[in-house]
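**Student:** Listed below are the residues making up each chain.
Number of protein chains: 4
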Amino acid sequence: MAMVCLSDFEAYAKKYLPKIAWDYFAAGADDCTTRDENILAYKRIRFWPRMLRDVSVMDIRTKILGSEISFPVGIAPTGFHQLAWPDGEKSTARAARAMNTCYIASTYSTCTLEEISTAAPGGLRWFQLYIHCNRAASQQLVQRAEALGFQGLVLTVDLPYTGKRRDDIRNGFCLPPHMKVKNLEGAFEVCKMSPLDPSVTWNDVYWLRSLTHLPIIIKGILTREDAELAVRHGVQGIIVSNHGGRQLDEGPATIDALVEVVEAVQGRVEVYVDGGIRKGSDVLKALALGAKCVFIGRPALWGLAYKGEEGLQDVLRILQDEFRLSMALAGCASVSEIGKHLVQFSKL
Amino acid sequence: MAMVCLSDFEAYAKKYLPKIAWDYFAAGADDCTTRDENILAYKRIRFWPRMLRDVSVMDIRTKILGSEISFPVGIAPTGFHQLAWPDGEKSTARAARAMNTCYIASTYSTCTLEEISTAAPGGLRWFQLYIHCNRAASQQLVQRAEALGFQGLVLTVDLPYTGKRRDDIRNGFCLPPHMKVKNLEGAFEVCKMSPLDPSVTWNDVYWLRSLTHLPIIIKGILTREDAELAVRHGVQGIIVSNHGGRQLDEGPATIDALVEVVEAVQGRVEVYVDGGIRKGSDVLKALALGAKCVFIGRPALWGLAYKGEEGLQDVLRILQDEFRLSMALAGCASVSEIGKHLVQFSKL
Amino acid sequence: MAMVCLSDFEAYAKKYLPKIAWDYFAAGADDCTTRDENILAYKRIRFWPRMLRDVSVMDIRTKILGSEISFPVGIAPTGFHQLAWPDGEKSTARAARAMNTCYIASTYSTCTLEEISTAAPGGLRWFQLYIHCNRAASQQLVQRAEALGFQGLVLTVDLPYTGKRRDDIRNGFCLPPHMKVKNLEGAFEVCKMSPLDPSVTWNDVYWLRSLTHLPIIIKGILTREDAELAVRHGVQGIIVSNHGGRQLDEGPATIDALVEVVEAVQGRVEVYVDGGIRKGSDVLKALALGAKCVFIGRPALWGLAYKGEEGLQDVLRILQDEFRLSMALAGCASVSEIGKHLVQFSKL
Amino acid sequence: MAMVCLSDFEAYAKKYLPKIAWDYFAAGADDCTTRDENILAYKRIRFWPRMLRDVSVMDIRTKILGSEISFPVGIAPTGFHQLAWPDGEKSTARAARAMNTCYIASTYSTCTLEEISTAAPGGLRWFQLYIHCNRAASQQLVQRAEALGFQGLVLTVDLPYTGKRRDDIRNGFCLPPHMKVKNLEGAFEVCKMSPLDPSVTWNDVYWLRSLTHLPIIIKGILTREDAELAVRHGVQGIIVSNHGGRQLDEGPATIDALVEVVEAVQGRVEVYVDGGIRKGSDVLKALALGAKCVFIGRPALWGLAYKGEEGLQDVLRILQDEFRLSMALAGCASVSEIGKHLVQFSKL
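Protein chains in written order, with UniProt numbering: chain A, 1 to 348; chain B, 1 to 348; chain C, 1 to 348; chain D, 1 to 348.
Chain A extracted, bound-state conformation (with noise of 0.2 angstroms):
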């Protein structure tokens, strides 16, 4: 079978992957609306391209926080990569670094973080974390990725509470007794549901502020009224993600919470996207509504489902020349070119 495009990727996976690991990958919360539009509403933005402008020379390098990336595409926090693939995180580290572009590693990785680091020493890493309960956990935890070299401490606010996602309940979704939540071992027991802290307010941004000199990006902002929020509280970035439709179902696509983020910012903050991201030119339609770049959630999974290091950088890859080509064909020659003359919300 030719792995021409991501749904290829993702047919093999939900082949060849267990029943109870593709379900817990694939789950959108209730009807999985949310998780779903996110694809379907990149599917109502049609390009008005431009032609005869040179492309023979084409540049998609961006920068994301002042570090250079080979392409506006980093891989989004998951959980539990293990579940893909036995080398679990180290894989999905090794991937980006020869990819050339970011990783963001979950606070529920099966590796250490120690681990990642040492896969893939000298890649482009941010950190992801929720608050916890056990507030001493998640500075440890904070301290430990600063230490490592990570770049960035991406804080996920969408989750006081883990989303309904009603496979993984019928399938009494556990990790299987070999994997561990290792960067949490000994401070919580992970089947047990939600030990993040669901009093965190804006106020805490200022406590994870004074623990590291780390750049703080916000994920899970949806609305115009959150992102004004997270500049006034001096975050470096936003990532528009409703966690993949996972939590509270039927909000916005995050392509179209997007629009709504990056009209509130103007520019004083990056703003990234993450769902949905299925072709080269979804990657043009984000950074045309104004995202500085992208991350891959499932899709990532589905690559290292499909041979580890080697089957993530074919996603990578694959978005790669896709997203080139489309660039080339709407008339752009660098990222700086796209903007959003390129795009329009079809009222279909």
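Misleading hints may appear alongside valid ones.
One side of the interface only, derived from the structure: several residues of chain B facing chain A at Cβ under 10 angstroms [stated by the list, open to error]: (1) S7; (2) R53; (3) M58; (4) R61; (5) K63; (6) L229; (7) V231; (8) R232; (9) S326; (10) Q344.
Cross-link-like lysine to any residue pairs, in silico, SDA-like; alpha carbons within 20 angstroms at most [said to hold, decoys possible]: (11) A/K43 - D/D36; (12) B/K180 - B/R144; (13) C/K347 - D/D36; (14) A/K63 - A/Q320; (15) D/K347 - B/S346; (16) A/K347 - B/Q344; (17) C/K182 - C/L229; (18) B/K19 - B/P86; (19) A/K14 - A/D314; (20) D/K292 - D/T62; (21) D/K182 - D/K292; (22) B/K347 - A/T33; (23) C/K347 - D/R44; (24) A/K43 - B/K180; (25) C/K14 - C/Q266; (26) C/K347 - B/P86; (27) D/K347 - B/F345.
What follows is a list of derived Cβ distance ranges for each label pair [as the list claims (entries may be wrong)]: (28) D/S346 - A/V259: 23 to 29 angstroms; (29) C/R170 - A/R317: 47 to 53 angstroms; (30) C/R170 - D/Y16: 18 to 24 angstroms; (31) D/E310 - C/N134: 34 to 40 angstroms.
Simulated from the structure, these hints should not be mistaken for lab results. Computed from a predicted model, the values in this text were never measured in an experiment. Beta carbons are placed, not taken as given, at the ideal position from N, Cα and C, and that holds for glycine.
We have chain A already, so just place chains B, C and D on it with the hints.
**Tutor:** The following block gives chains B, C and D in isolation, referenced to the frame of chain A:
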């Protein structure tokens, strides 16, 4: 089979109820467009959730006409509960009381008001009334209900004649011989359709007012004009309802009509809504659009069909958990924080 | 099989008619988009019903061009009724008279005007006319109809050439040898397509006017401009029609065009509509939008196919019952209470 | 099997062509959204036809760049006609001449320009050009075409790189060994993708202008901005095209883009459109929206696949008959009567 969400109960009921009973409960008028629209209209409403609010302590209680209920979901009046479960409305009354919510008992109950009262003393109950040609019969029902401690009178106004439900006609629907519309025994013969009085007008609300000290809630209003009339005729509450899509087909979905009614009423009386509630987040949407409480019809019957009182409690508990979770994920810690800002009608 | 609604008759006809006859009746032009739109457009209209009106005495009668009919549904002109039932148009005439409504007999009848008249003396009938190249033949038809007591002349204007109906071409559609277009016998040979005159213009309305004292109703108008021209040329009525979607495909649904025409006409002449009526509530919608009466085409043929005169009466009676019920449920006790306030075009 | 409409030819071609050839002709870029949108967009346009116009004498001829054609449908440039029929472009040229219309021969023909010319002397033909890295090769092609009597030069501008067509990648699409891109023989090796020059800009239109006296038509324009640039750079015509949806996926349907381009051009040059034409009424829509003529791509190939020259004539004749009929049914007797008033974009 795990009962995870309300559609699990629907599937169970469809599988295990006699076809004639399932068809009767499921029936909509004509093409069932409005029945289905009630559900689809909820799916067109998008949440715009807020983050980083303290949702560690959740308060989902509310009050209807001064009585506290554990969460804003009551049991709508539906007929013939013995078709779903041998104990019929007695089980319904017990489940509602156990969950500390309101049960609107139907005129077309298969248990008497007295049996219902005795089954669950102290429960919060309203009585649903049609005005019959035989006014004395209606008067007697009102006075029995008041005497038995029912705390509200729900006048259904959308059934001057019974809607055309094709499957009931094909099935020749009729109660089995061992069931009776006990409240009306002697007074009329129910399988002869509609002994209801189609000449009823707004003036009859004054007549009803003269019979009882109970608050009057009018059920079946869909337009702003009728909402205004209801307020002017001194009712205490309005249930926006299209009778589950069983009367005039191709009227508005109730959640769409709610917006009109709430705008017309301007807080002068309480407004409730029924029809199409299938998830806790639907309750959140209805409250965001101005409903004080919602009522569930068919899902309560599915609960009964599953395991009687216990099954109905399961249904209510799932809705309660889902409602609480969706509130928290939307950033609301108490019902008073729910507002219009949370939702937007999708144009798609 | 119980015959509960019109689609039951459709299913019956599809099952029992010879394929060539079914296909001919069912045919739409090209992709059948307009044929199907006629029906879908009704589904996009929402009722906003009023409650607590006295609907104990229902009056569903109306008048068209001064003649009272039992309810606002007549029989549209369609050809070749013997394809549906051996007695053909004689059965149609009898059923229409029995139900006290108007039957528009087609030029392409398989019975003569005289046979139709004799079959149901005293029935309210209009005659549908094409203008043929052979004007003498048209003149003779008009005068025969007038002499036989037909009370209106319906000039069809949307068939300068026959639309492209793919199935008829594939089937090589042609009347069976024992059927004849009796009104035209001798005058032309019907299976040779369209002996109609494509040079007809508005001036020919004056010519027609000069031939007869009958009121002239023009059938096939879809735009406000043509409606204005019709009024100016002195017609008495307009039937908004797209020939059941059999002529120009991808024109407007008739219920959508009705709105335009009614607005243009401003009450100066009566406006009717055909196409897509499948339920009593569709009739209510058409009247709410300004039609004085509707005409049914294919459903009448299904009724004939089911049981001839009796089957057509069944169809009409179902429509009558449904119309009365939907009026009552919308809060109207008589046709004069029906108005624009009852309906709204859904944007979905 | 009767060949009644263009989809009959499509079905035939799908059934009888080798899969690799069918897939190549059918291919769209990525998800094929734009390919399919080209067709769907036509279905969203509604006619508002006028009645009682004299349509007894129909004149469907038009002129493009001064040359009369029998009706406003020409043959768009598509490659590799020998994949559809052994005689390839020679058959295409003969069919176009027989039907008295314009054939735009592709650079990627499997016959030489000389063979095409010889096959149908005197036919109206334009030559489609890509600008290659090897400019001398392009210049030579232009001069050969001009010398052979081609009357227009169509510069394709939407293919700086080849779009990603998944099926072609899966199939490893490549011409069979006995077929050659004969016009380019010696100059390049075609299965190595895109020897085209991606550095081409508007200035190269001046270069092209300097090579030839032929009118230049620019193909692949979708925006008003590029239409303005085309006019300013002195072209004689614009073909609104998205390359049959084979280049940038999720761009606009061509009929939607046509509206933009026509508005920008304001009659200064002729505007044509290709993509999605499947019925005569589609041609009428395109003309109503301002196109001077349309071009068909895939349907021409289906005609070839059916019966070579004869099959393509069948396709053209069906389109011609359908176009004439839809014009008449819309109330237009000549192309000059077609206008914007005939159509409206449906909001649904």
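**Student:** Please write out, lowest number first, the hints stated earlier that are contradicted by the structure.
**Tutor:** Numbers 4, 5, 6, 7, 8, 13, 17, 21, 24, 25 and 26 - these are the hints that the structure violates, sorted from lowest upward.
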